[in-house]
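Chain by chain, the residues run as shown.
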Amino acid sequence: MGNRVAVVGIGQTKHKSKHKDVSIAGLVRQAAERALEDAGCTWKDIDALILGKAPDMFEGVVMPELYLTDALGGNGKPVLRVHTAGSVGGSTAVVAANYVQSGAFRRVLTVSFEKQSESNATWALSPRMPFVPHVNAGAGGFFAPYMRLYMERYGVPAHIGCMVAVKDRLNALKNPYAHLQIPDISLEMVQQSPMLWEPIRFLESCPSSDGACALVLADEQHAARSPNPPAWILGTSTRADGSMYAGKDNIHPASLIACAKDVYSKAGITDPRRQIDVAELYVPFSWYEPMYLETLGLCGEGEGWKLVESGVTALDGDVPINASGGVLSSNPIGASGMLRFGEAALQVRGMAGAHQVEGARLAIGHAFGGAHSYYAMWAVSADKP
Amino acid sequence: MAEPTPELLTKSFELGYTYTRSTGPVIGHFLSELREGRIVGTRTSDGRVLVPAAEYDPVSAEALTEFVNVGDEGVVTTWSWVVDPISHHLMQKPFAFALIQLDGADVAMLHMVDAGSESAMRSGMRVRARWAAERRGSITDIICFEPT
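Line by line, the protein sequences are chains Z and S.
Residues in the first sequence are numbered from 1 upward in steps of one, following the numbering used here.
Residues in the second sequence are numbered from 1 upward in steps of one, following the numbering used here.
Read the hints as simulated data drawn from the structure, not as lab findings.
No residue lacks a Cβ here, since even glycine has one placed at the ideal position from N, Cα and C.
Possibly wrong hints are sitting among the right ones.
Pairwise CB distance ranges, derived in the manner of DEER restraints [unchecked claim]:
#1 Z/G76 <-> S/Y19: 25 to 35 Å
#2 S/S123 <-> Z/N3: 20 to 30 Å
#3 S/S117 <-> Z/G141: 55 to 65 Å
#4 S/A132 <-> Z/N120: 30 to 40 Å
Per the computed footprint, the stretches of chain Z lying under chain S, defined by three or more beta-carbons under 8 Å from a beta-carbon of chain S, are [to be verified]:
#5 175 to 189
#6 192 to 206
#7 261 to 274
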């Protein structure tokens, strides 16, 4: 497991559809400055910069890690870039944590971002390639058939996805950084929203956001000196998987099951439902919440939707999911995974503000990317391991 | 029976997307000043003037907020002669890519010099901006530099 490592600084921007007032550098800078301030650090205190973002085609900036070196104080330091599509915010945090665990760096600034207003990410995800018919499905179009498969396999009523959509938007109202703020959100509003990628409705989908997230990770000695409570990282894991190989179960992907098992084993989690106080899961379409509850072992197969229906995953439930409002409320793609990891850490630090889950001691962050191709997770605790 | 020989296929394709770029206030000011026929840099924490204007200090990482006007003349610090421009080059006759340190700046910036011939180029030569008649807030508002 290596040296102890903790999250000692968390920063994020207000997420919104267009941050036209700032350059990409200006955007990531806001998150980085807030993380440094939380950590009580200056730029000089940072040993290395580890940057993650979704594919370069999203903004058309090739080598953004170089472009951002000045803005993130990286000159003369190790500057590394992580690529794992939409999960990249999570896997970047994992890479940063692993470097501190290894002893290579003692304090790392890790940053992720997306400025979706500079591009059209949906179509950058599905380029027209030779020898392959261009189906123009977009992101939701790829996942929609698996939503139906889930509903049919387990006899899930259609309102479950709408309930998740309402719950996350209610949580977002308590998070000033969340993009979507829909004060009068209701089940009827979601049910009456247009069908986008059948059976996924408009309000069951994530928005397109500009935003950034930054974390400062520190070793034990520096964590002890940090001004605010640290979130100790108990375990990290990443897994990759082909997107459409024969036998792949896209409802309960084997790679995510393995990723969760790995994190739970490192973190000493044997009964996830009882031990995990709050989870931030990468849910860009509402149906992923019940599916992930099952895949992550928070309930049995085919039972995730019952947890949603009975309010277990609501802010006042016994396993709140996405207290921050989640990806359904803010989706700066490259940062979305790191936001899950950072929000999990905020919860165990007791610093989540109005969306704080009272008494949260153990939390997990989770991210997925590609066509269910990459997974990243970590478990964080208020208690030093 | 003999195995059929697999046919090996190759096909070219084009990939293109459109983007929007938001400059932010610092680069935005640099570009809008170019439109007015002026060149500005930003002053760093150690007093140096960076041109083109930079948003953040490469040494201290602080945000740079002080703009400094620099001249549209300067010195070529080094250069590379392009004998036979291709269609993608902005100049369609032999020219030099050159690092040019403008008067009042502490770093050189990359641009082009129209010197007529390679023999007219040398490191240390003075050059002056040739401004476009219609300027749009782009680095190409400076068409190139020319010997003074």
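Here's how the hints hold up against the structure:
no. : hint                          : in the structure
1   : Z/G76 <-> S/Y19: 25 to 35 Å   : holds (31 Å)
2   : S/S123 <-> Z/N3: 20 to 30 Å   : violated (51 Å)
3   : S/S117 <-> Z/G141: 55 to 65 Å : holds (59 Å)
4   : S/A132 <-> Z/N120: 30 to 40 Å : holds (31 Å)
5   : 175 to 189                    : violated (count 0)
6   : 192 to 206                    : violated (count 0)
7   : 261 to 274                    : violated (count 0)
In summary, the numbered hints that this structure violates are 2, 5, 6 and 7.
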